[in-house]
Amino acid sequence: MKLTGAQILLKTLKDEGVDTIFGYPGGCVIDIYDELLRSDLRHIFVRHEQGAIHAADGYARASGRVGVCLVTSGPGATNTITGIANAFMDSIPVVIITGQVPSHLIGNDAFQEVDIVGITRPCTKHNYLVNSTEELAQTIKEAFFIASSGRPGPVLVDIPKNVVQNTIEYKAPKTVKLRSYNPTYNPNMKQLHKVVELIREAKRPIIFAGGGVLLSKAARELTELARKTQIPVTTSLMGMGAFPGSDPLCMGMIGMHGTYRANTSSGKCDLMIAVGVRFDDRVTGKTDTFTPHAKIVHIDIDPTSIRKNIPVAVPVVGDCKITLTHLNKLLDETDLSDVQKKRKIWLDQIEDWKKTQPFAYQQGAVIKPQYVVEKLYELTRGDAIISTEVGQNQMWAAQYYHFDNPQHLLTSGGLGAMGFGLPAAIGAQIAFPDKLVVDIAGDASIQMNIQEMATAVQYCLPVKIVILNNGFLGMVRQWQEFFYEKRYACTLVEHAPDFVKLAEAYGAVGLRAQKPEEVEAVLREGLFSPKTVIMDFVIEREECVYPMVPAGAPITEMLLV
Amino acid sequence: MTAEKHVLSILVDNQPGVLSRIAGLFSGRGYNIESLCVAETTEPLVSRITIVTKANTLGIEQINKQLNKLINVIKVHELTGTAYVEREMALIKVKAKPENRAEILRIVDIFRCKVVDVGLEHYTIEITGDEGKLAAIMSLLKPIGIKEIAKTGIIALYREPK
Ligand SMILES: Cc1ncc(C[n+]2csc(CCOP(=O)(O)OP(=O)(O)O)c2C)c(N)n1
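So the sequence lines, in the order shown, correspond to chains D and A.
Numbering of the first sequence is given in numbering that gives the first Met the number 0, commencing with residue 0 and proceeding in unit increments.
Numbering of the second sequence is given in numbering that gives the first Met the number 0, commencing with residue 0 and proceeding in unit increments.
Among the hints, a few may not be true.
Calculated pairs, BS3-like style, for lysine-lysine (alpha carbon to alpha carbon, straight line, at most 27 Å) [stated by the list, open to error]:
no. : chain 1 : residue 1 : chain 2 : residue 2
1   : D       : 307       : A       : 150
2   : D       : 173       : A       : 53
3   : D       : 285       : A       : 74
4   : A       : 53        : A       : 64
5   : A       : 64        : D       : 294
6   : A       : 161       : D       : 307
7   : D       : 140       : A       : 74
8   : D       : 189       : A       : 68
9   : A       : 64        : D       : 189
Treat the hints as calculated values from the structure; they're not laboratory data.
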């Protein structure tokens, strides 16, 4: 069978199970687009390549499948960088296909040529320049394998124009075997026996779960572990939904804006079982004072995560799901009959911290952002897929929306990239057409990829955008309030569009609430509309996110309301 | 924790861009490269890279793990702390005034190296050996006058058990 490179590319994508591509055309991918016309692959035309990569990323986060994005050479490729770095930091499986100038022009500073493989080397899990049409199918297959196995991540494939134009005799790619890449999935059982022993001895244990639990689809196993051992669970921002937020054992998020009980318990615990986390500085605060009394067990598929930031008593390299399954089995063979009684003092203590220091805010004449998120939680019964932008909106979303299920919070954790929320919501809505998908946004972040409103409206995606509008770069302003004597350098947004009119201009619905008593009605109208909706909530301008741990301080030292 | 010298012998896919992935890993993560040598092995698809770096215990553990994580890295041997042979080669151009020539040749003889280029005013000497040997000859030639030198950096292989 003779096929062109473009035909081989699309065939290989389909063979990998791809149904949707997010992309934007240009000269070097024009042949691929021409072929797409004859293909049943669904192509979502975004309005900026950053939108394409974030949407592919949101699709992957929500569905657990590899997201795919297709862009042209030069500016098309460079526009994806933020999104690639974002997927890299949060270990999200995406494959980025970039067009490249024809092979014979590479290196000559040709029109729209950039060395995208060179540029993205440090922010991809791996990347390729395809040298010939013969290599194309195998390379694409490898890219999917690498993106989705081990610790997942973005893989970029750069394809010169002549490679997609050439016609060759098609040969199906072989199964992928890379002698230099063999992730360790199965844990060392000796280590797990030690973990069981530590669990038996511990008086004040906690579990700390992160994004790795969601990536390996191990939420069920983690929940089983926590419940059978009666160990309370805190999560990182990336780990929200790894354990049901409404479970009494759930302590909420740990770290800079973590709950009082999660942060305080980390200072008092004698055992921390860390699963699928990488001990980011937003979690640990000052590392020398992190969990001063605890032995740490660290389960992760990536050996580089272990002992990178924090010393560990029992390292376990392995896939979270497989490892927790083994651990649960070992625990089933262990006498845990007195565990309820043994944990009582510790769990009572945590309950007490919860009662004395809950998340709190004061209602007043002006809308409080926390109230909006609380109402959103209530009205959606915690069942919506929530994406966020970055800043205070993101933290309030994490604090006041409780995630009972994995893959329901889509947020830029490692990179903290403003502009992620809307395209990510679009990607999630494509993956789950019947689910309610809400982007919790700040008035500044939403403007970073606002052009994707057109994409949402064009494809009739009923994405909901909740803008917590404080007229400030809120999170930066908060730092200025706390640490720079309220010198608001450049954080006052002096000119903003009318978001209601903007929504209407895009053909979406725009709603606004200016008083607390309007919040519920606006949410009801917006959430139950079948259309793309922007809800603009004019909130208390100088509201702060509490608790807050100043950067670099011990996380047990929180600024409280 | 003090930083110590470590010799890493790394087998990698012999492909364009692989060296840049490794160099980029070191620069991007703030590790340092003291010296670096690369060449094809007997297997044309595989190259060996020898890197000398300075790091403390935790640092070298991370360097090892991070290198292993690169898709094109096949194997990383940490040679420091094991039995291995290391060699470095240098070309040294010394000022060779008539009154010094005999002295230079004597040194060349003692170190069992050779003169590979002779001029009216200079000798170029080729020497191989470990770091100590190279340092020793350098200190003897310095007073005579070294004009230029080119060094390879260390190459190394572990010793097979006897
Ligand atoms: C692309 C990008 N630029 C800058 C920042 C730094 N930054 C972090 S939070 C923030 C303010 C965000 O303001 P807004 O979207 O209005 O959200 P709020 O904090 O007010 O909820 C800024 C500028 C960032 N995270 N990402």
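Status of each hint after checking the structure:
Between residue 307 (chain D) and residue 150 (chain A) the alpha-carbon distance is near 34 Å, which puts this suggested pair outside the 27 Å criterion. At most 27 Å may separate the alpha-carbon atoms for a hinted pair to count; residue 173 (chain D) and residue 53 (chain A) exceed this at roughly 41 Å. Only pairs whose Cα atoms come within 27 Å are accepted, and residue 285 (chain D) paired with residue 74 (chain A) is rejected, the gap being roughly 35 Å. At most 27 Å may separate the alpha-carbon atoms for a hinted pair to count; residue 53 (chain A) and residue 64 (chain A) meet this at roughly 16 Å.
Distance restraint check for residue 64 (chain A) and residue 294 (chain D): the Cα-Cα separation of roughly 23 Å lies within the 27 Å cut-off, and the hinted pair is therefore satisfied. Between residue 161 (chain A) and residue 307 (chain D), the direct Cα distance comes to roughly 37 Å. Violation of the 27 Å bound is thereby established for this hinted pair. Pair hint residue 140 (chain D) plus residue 74 (chain A) holds up; C-alpha atoms about 23 Å apart against a cutoff of 27 Å. Proximity of residue 189 (chain D) to residue 68 (chain A) is assessed by CA-CA distance (about 24 Å); at most 27 Å being required, the pair is judged to hold.
Of the supplied pair hints, the one linking residue 64 (chain A) and residue 189 (chain D) holds, its CA atoms being roughly 21 Å apart against a limit of 27 Å.
Comparing the model with each earlier hint shows violations of hints 1, 2, 3, 6; every other hint is respected.
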